[in-house]
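Chains as they are written, first to last, in this note's numbering: chain A, 1 to 282; chain B, 1001 to 1282.
Calculated directly from the structure, the hints in this document are not laboratory data.
Please note: incorrect hints may appear among the correct ones.
Which bits of chain B does chain A cover? Going by a derived footprint, with three or more residues having C-beta under 8 Å, they are [to be verified]:
#1 1012 to 1021
#2 1025 to 1038
#3 1140 to 1150
Looking from chain A toward chain B, a few residues come up when the C-beta cut is under 10 Å (computed) [to be verified]:
#4 Trp93
#5 Pro226
#6 Leu280
Calculated Cβ distances over 12 Å to all of chain A for the following chain B residues [unchecked claim]:
#7 Thr1003
#8 Leu1046
#9 Thr1056
#10 Glu1064
#11 Glu1079
#12 Ser1111
#13 Pro1116
#14 Arg1183
#15 Ser1197
#16 Trp1229
#17 Leu1244
Ideal Cβ placement from N, Cα and C applies to all residues, glycine included.
Number of protein chains: 2
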Amino acid sequence: MSTTRNVAIIGVGLIGGSIGLALHKRGLAECVTGFGRRQESLEKALAVGAIDRATTDPKDALQEADLVIVATPVASVVEDILRADQLAPRASWITDVGSTKGEICQATDKSLKGRPNRFVGSHPLAGDHRTGPENARPDLFEGRTVVITPPPATNTNTIQLACEFWASLGAVVRSMDPAEHDRALAATSHLPHLVASALASVTPEEYLPLAATGWGDTTRIAASDPDLWVQIFAQNSNSVIEQLDRLIDRLNQLRGALDSGSTESLRNTLQRAKEIRNALGN
Amino acid sequence: MSTTRNVAIIGVGLIGGSIGLALHKRGLAECVTGFGRRQESLEKALAVGAIDRATTDPKDALQEADLVIVATPVASVVEDILRADQLAPRASWITDVGSTKGEICQATDKSLKGRPNRFVGSHPLAGDHRTGPENARPDLFEGRTVVITPPPATNTNTIQLACEFWASLGAVVRSMDPAEHDRALAATSHLPHLVASALASVTPEEYLPLAATGWGDTTRIAASDPDLWVQIFAQNSNSVIEQLDRLIDRLNQLRGALDSGSTESLRNTLQRAKEIRNALGN
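The following block holds chain A by itself, in its conformation from the complex (with noise of 0.2 Å):
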């Protein structure tokens, strides 16, 4: 995109913090302000250079925005969004960064009816079980994929707005409707944080010290936020529990397997399972 005058960043951790200093890195704003309740996190976002400006008033933080983006926890984005709304100039347009998406669009969608173009849903497929703007980093876009979900009466401009915007952080940007991103990410991710999460709870603490490479990577993301993901499992719910009910009976088949020896029926998933593993890549 051309530069932005006024970008706000309602929200600095590490998504938020990371837009900063991209946009930063690669000059594409004049002025980036970061917006948060919590002081501590507002002083490490201006020490790494994600923002230039922090304020705790959200009148100062957003009444000269271009481009509001909302990277606070999913319970908070529809708040948030609808704060903006009122306090932002009718010219500038606004995003989220939410990893659900169903009830944010939806619930935005209603309240701002009859102007659907002042905000576009969006998702980037990139973060870290690491959290806070001390983890930030400039790349964290750079080839991944931003799902954006606009609502079906948002005119061409603002998507083009949106896809721009992420675009020009290197991000791949793909349009999806919000109530299918959501069902598509409860299988991607929603469910593994909760598989690891499960694995790594019933992992007997004694036996930790021999826990190598397979235990490290396969419970990676459960060191994520506990608050964070317990808000994104109940906006997704519904979905993350289809996907999980299949997970237990791929597991129960896979138990009644091993107890009757059937090592070809094991060897079957196993081999399915690496094929779909060795389509993603490394």
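Given chain A, put chain B in place with the hints provided.
Okay, now just chain B, sitting in the frame of chain A:
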């Protein structure tokens, strides 16, 4: 350890090849002989410098060996140890690198009754989902744990040799009872493999373009060789089933929490998992 004249490596895959590379890099053997059935693997192992000479004749491989390392898939290990016992000089000793130890040590102890110092079981907790000598690395064991599982009657001299051997490759050595090893590894290695494969196998392929680092980490070891893992599961099915049942119970608990909106219960499991995961480090 001091330099060993002749080391025979039975099976030159990732682990066997990496042992050869490490011995060479550290100047610990005068001659490393690779034995295998597949000419192609032997040629690759020669090409990467893992072995000095290759043979498909067991007598040629073993008759002058001072140390024999059996690095074949676990279903072949006992047979390969007993052949080494027949063909290698009386003064030499034998170890293996199998991921399971109970069945291997029990069968070996029985056959070598009266000569408990001939064989000490080993399991280096190092590996990769990429197999074959072309992926071997001289530093594969550096800083890694190697579990040795000597039979109760092994004299301290043989245990000492096994400890020195693995320590000389940079590993940290730990001694355990074979059955206890298998119970622990069911939790820290075998269950994670089964879960990673189950998760990859139920992921709808049309959603794969939306898989990011979380899915990638959690399923990485699903890319491992199905044939090797079917053998490992078969040798440790009781302990794996025991751990799998604990995981399925936990997943059902989480399903209940998602279904009823019990945020607190969900959060407690995620928090507990994070603590256990953080105990390991990255």
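Comparing the hints with the structure gives:
no. : hint         : in the structure
1   : 1012 to 1021 : violated (count 0)
2   : 1025 to 1038 : violated (count 0)
3   : 1140 to 1150 : holds (count 3)
4   : Trp93        : 24 Å, violated
5   : Pro226       : 4 Å, holds
6   : Leu280       : 6 Å, holds
7   : Thr1003      : 29 Å, holds
8   : Leu1046      : 27 Å, holds
9   : Thr1056      : 27 Å, holds
10  : Glu1064      : 34 Å, holds
11  : Glu1079      : 18 Å, holds
12  : Ser1111      : 24 Å, holds
13  : Pro1116      : 24 Å, holds
14  : Arg1183      : 8 Å, violated
15  : Ser1197      : 4 Å, violated
16  : Trp1229      : 6 Å, violated
17  : Leu1244      : 6 Å, violated
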